[in-house]
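Trainee: Work from the hints to combine the two standalone chains into their complex.
Residue numbers (our numbering), protein chains in the order written: chain D, -1 to 200; chain A, 79 to 726.
Don't read these hints as lab results, they were simulated from the structure. Treat the numbers as computed from the prediction; the structure is a model and nothing was measured. From the three backbone atoms N, C-alpha and C, an ideal C-beta is built for every residue, glycine too. Accuracy of the hints is not assured; some may be wrong.
Said to hold, decoys possible - Computed footprint of chain A on chain D; a stretch qualifies when at least three of its residues, placed anywhere within it, have a C-beta under 8 Å from a C-beta of chain A:
1. 75 to 89
2. 184 to 195
Unchecked claim - Mimicking BS3-like on lysine-lysine, the simulated pairs with C-alpha atoms at most 30 Å apart in a straight line are:
3. D/182 / D/168
4. A/86 / D/62
5. D/127 / A/453
6. A/457 / D/72
Listed below are the residues making up each chain.
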Amino acid sequence: MSRQTLKKEPFNLIISGVGGQGNVLLSAFVGEALVNEGFMISVADTFGVSQRGGSVTSHIKISKKTLYSSVTLKGKADVILGMEPVETLRSLVEFGNPDVFVIVNPRPVYPSGGVAYPDLDEVKKSIVKLSSQTKFVSATEEALKMGNPIYANIILLGSLVGAGILPISKESMMPILEEHFPGKMLDTNIEAFNKGMELAGH
Amino acid sequence: MSSIAMNKPGTTVLLMGNEAVARGAIEAGIGVAAAYPGSPSSEVLPAIAGVAKEMNIHAEWSVNEKVATEVAAGASFAGIRSFVVMKQNGVNVAVDFIVNLNMTGIGEGGMVIFVADDPGGMTSSNEEDSRTITKWLDNPLLEPSSAQEAKEMTKWAYELSEAVNLLTFVRGVTRISYTKSNVVLGELPERREKKAYFPELWDMYNPKKSKFTSGPFPIYHKPLHEKLEKAREIFETSTFNRYRGPENPDVLVITCGACTSYCTEAVDELRAGDRVGVLKLGTTWPLPEKLVAKHLSTTKKVLFVEEMDPFVEQSVMELAASLLPTTCDLTFYGARSGHLTPYNEQSTNLVINALMDILGTTYQPRDLTYDREAKEAIKIVPNRPINMCPGCSHRATFWAVKKALQLDGRKGFLCGDIGCYSMGFAGPGFFQSRTMHAMGSGTGVANGLGNLKHFGFDQPVLAITGDSTFFHATMPALVNGVYNNSNFILLIVDNSATAMTGFQPHPGTGQLATGEQATVVDMEGLCRAIGAEVKVCDPFDLDNATATLLGMMQQDAGVRVIIMRHMCQLVKDKRKIPRKYKMHVDSEKCLADTCGCDMLCTRLFGCPGLMVDRETGKASIDEALCVGCGLCTDICPANAIIREEAIG
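If we strip away everything but chain A, and leave its shape as in the complex, we get (with noise of 0.2 Å):
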């Protein structure tokens, strides 16, 4: 939406959370973006992107969030304020920088990561929480309640990353980053006229000098705290921090992030607003504590509300603790207790329950006889299993590589990687993949299980990766199996995009972040130029890419790369690239239960544009979804699924 640049302050817009991370970054006066695409992170880089012309931003995507966070810090060493953005798997890639980068502090520029966590992994390989990595980095941190309090936030982490001279993290989590709300937008920053400048002072052995080298270590690692004790002073007084309830609660809710509104709804749908008390923490690391122990001094009853680990938990019991005896009566309820769990989404329901038990009330949300029928009428809801979608490039490259294995018969297997192709390892797949863990893991395993053959391994190898997977952590295993004389084939998944993320460019595409040309990186000459031997095949002549990949696994020796190049079919259908085949089903040719095939085609091969006919029992094709790819032509064994050119 355009109103991210928009000059008009104090102006409403509905804006996702994402959106208003973004705008924060550009009122606080960014000079430079860098991301790694990672849902529920991946919109905030390209919002800034859009107007990185007009706002004299360099946004980029980086090949991964490592090399995204020091592009951020080169810029913050010469003055410029920087933003980092990645999702919470990414922090983890980040981390081996970022605790070095403490060492000897950031330059005059602000810098600032927003990291989306995911609570429930709707979107993720993990709900990993990344709160405990900035504690044990010692950056400090802040958590957000809602897409106003995003932007603040963003904005006035510049503020305090330049205070203390440290990195700071805003941390939001998935309903943060994708819930759309109304956000007045604040000022924006007159066009920077300052020239970016690599400072030249240099001292080893002072740690307000010495720029940018760390060391002798103690010397260095002192000043770290001394600046997280700063930040806690600043986050004393932070009106991030507010409290809500009667001055002696019956009990009193520390929350923070998204679980904000959840306790404010439980308490008013409750009724309780009289006996419960919310102490909201924008601020959560440091731990303001003399804010916290004031608090902790009005009442008996403390619940815990979090997403996530008990984070916010551990630092106030732990500063309870030090507070003893003053607090030795107080009881703490949450993730410890069991009223909340340590996993999974928080929401309003689950504190209800929680506060319910801990007041002793009831509450019935809605009619019993309605609740009765309703949970009568679960019984016919079927579970939608999630699919790649009509027409995915990925779903004829497993069939090649289901095939080829079968053909093969030595009881291969395929390890998986992070993509839409980690739907490999379920229906959607065909149960291909059997291992799936971080971004090129797939890769890097595979390694290990090729080079097992003293051991009397026997079993060919394959691994799956996606291209930006490829250029993000791939690269470096490939070479280890080609230095290292590992056995296995890599597959390379190239759909010329992050369709995972939202079909985001990568150094295969030719495109930047900004839209503009980019020199295209060849993947193919790369590979070769590793070392290993490269062909490539379009997935969708389905007999070539399995005797070729089935001819590659035969050679059982070395590093072989194999290529499937076809375009994701909603890049197709964005860049209005029109349907091939117009698709019907040759209902004399289909036998339905009587073929012997099982119904393949809807039950195993599973392309959501393919049903049955419910009063004739035959495979039919469904309008509405099918993009005319003609794949299912070739897996039908009685031909019956038919293909005809598309006219215009």
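Same shape as in the complex, but just chain D (with noise of 0.2 Å):
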């Protein structure tokens, strides 16, 4: 049993994106921590097809008591982390509530097949409509500041845990970080992280 504290009995953590933005991999590092730490979870990411260009969305629920079903109920989710912010507001029209936490980058990932992308403002102005706090953490263009848009979840994990609205620390979370990435892949990956953590004004 943990000794840190949930505010909600689950506690709902939506990780939504595209494919290929990695967030099975975000999902499954926070899972890991979120077990070491003594919880019970469930996650819940959608693959298959939709790994090819489509939505992809990881559900967290997050217990101190008892296991629950992997996907989110409608209206119910505590916090969302958007690596992409049309996805983002899709999960707040489903999953939203006015106590809904969100971090998103701004960064948008353009449908293929000719549909159109809407005006990125009007998605931003709802998204901050739709929670009760917003922060915008531009994870890909820090990603390819450090010369590979690859580390943009890894940024959103460092903002994702320097927000402090999860019961894991960056302290449960190195262990994962270098069981995952060896050698030199690490350093990188431990600076994407604190640029996350600082990006979310830790």
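Mentor: Okay, here's the thing in structure tokens:
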């Protein structure tokens, strides 16, 4: 049983993005940290065809006492980590409520097949309107500065931990990063993680 | 993750349902595991293969599910516990063998199939319910409700299988297979010293002695039903069946599998724990009738909640009919009453809706003003169509197909198949595939279409198949076409992986499930030996691929094979193969709306690495997504997309 407290039972985290952005890796990292902290969790990732450029959503239900089903009930998200603005809004529409906390990477991933992307400012405005608190974290821009857009997800992980809304700390995340990233990759990913924490105002 | 073979009983780890199933099989002491990849089951075999050496297990990717089941049966006959893994479609492939296996019974070693169904068809070509098949096959069936239970059931299924001498099914669904959650590990078995040995018993007229041939059939069919009755007796006291709720509930919910937590959550959410009881069945076929009858006698209203077909619903209603008149005042709710649907996925919210109607209560999940604003916001959220990855070789193949068919001009068409290239029926494949059914069926259907000359049929017929699909089910259709003198072209899109399900190796890749080296089955030589004319192209050499295909189409006789060979971009990424080109758009040359191409690159060609610059309206490259394959240079009519050799 964890010593950490939960603000709500269960506490619902949603990670939304587009296939290829790496949210499955993110949800696995967060999940592992939570299990190590003694929580009971269910993590559901949408897989398969959605991997190829479609919407991908990971649901993480966190509890101190029991295992819940993996999918969030409508209107019951507590935190949404958005890797892409339109996907963040899509999750808010279905799972949002006046108390939801949102961290969002404002860099769009444009849909293919000639589907138009809405006005970004309008999307951002809607996100702010439908959240109790919104943190914009320019993860892709920061990752490109580091030389590869692939680091965006670890930057966002840093922001999620840095925002202090989940019962996990940098200390609980580090062993997981160490296990997953060998050698030089570890240093760059820790750098990305720290950048994310800093951007979240930690 | 390394925790699959961790010998620390009692430790809690985070496991995906599929990994938990693998762990259960390992804890049961399996000696052989065989599978064909298919989401949502694809991760089970790799988890076992990863520890195969240390656990002394033979783990293989078999060429298809029937062969996988036969491989496992061989092990069972020789006394070794064996395991087979497949998705729902795979059961159809394996069924012909299983019907006969049930006539003879398995060997001394227990034999279990884990099948992952896909309600909603999120990763499938259908949403078939495999439970109905296990029922008409006469095999016992277990349905886990969590990753933990998936592990326990898989392990226990071996005890059951050996107790009743029957192949036993464990049926999961996508939400079980792909949900990661806390799993407490059990003990690992001692390394086996048992010698595999094929028994020498044989007496055709004695079903207890004859192994492993069947017939006369009525003699062998009777004990099969007796075995199933024995399983039913065992199920009556199984701890996988549980009840939570009041002694006499207003509503009794009967549920199983992934729906179990939807039901308990719905009851909690509606604060109806004093009115609604949940009977969760883990052993769903044969139905533990005494247990269910006992619960039916405690209530007047029964709601069935299960994924897909009304399987438990029908079994229980059949039981209720046999118990008349004691059950005459029961009302049943479920798929039949329309309270839930026998298609698509169930959810807590759907169970809440059904219970609200039956209980006459209300439920408001969130603030109404917020709800209105959210519904307003959805209007600006576009759908995100699925696509092939940036740099995907299938995009190049479909472009070549489209061009060759246009140039040929005889209204030729492509018969599709199962894999990433299934997207050929939609925008990503330029709507070129006009049929799509089962593995290998594109080639089978092309066989039929290619033999209609007598009826004035004169359209060129193309079929497409992936490299893994080719070995799974296309080969017999190709032999059939050559033998029966059909007229079609088979395109084998060889991208060196079973890409759709996670890049598993297959007979053409030279690699085993365990990562060890394998004999390469020469696809090209095989096709030639069958008697087809064979050509090999790189689809990224677009002009050559198009011209070769067109030339073959105009031969208009016999079975011709064109292998479109180019490695999957994601496999290239994994192997860190550097990108070929650095791409940019010459904004002087891109004429945008005034070109007349109608933004061919983003609208039709549709690679995710291409986008429209919002300010200029011209094409541009998305640096975050482009992999530098260079293909779009060849399709731009204004020559505005520039590829330069990438340095380093």
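Trainee: Hints first: check each against the structure and report whether it holds.
Mentor: Here is what the structure says about each hint:
{"no.": "1", "hint": "75 to 89", "verdict": "holds (count 4)"}
{"no.": "2", "hint": "184 to 195", "verdict": "violated (count 0)"}
{"no.": "3", "hint": "D/182 / D/168", "verdict": "holds (19 Å)"}
{"no.": "4", "hint": "A/86 / D/62", "verdict": "holds (23 Å)"}
{"no.": "5", "hint": "D/127 / A/453", "verdict": "holds (13 Å)"}
{"no.": "6", "hint": "A/457 / D/72", "verdict": "holds (18 Å)"}
Hint check: a violation occurs at hint 2 only; the rest are consistent with the structure.
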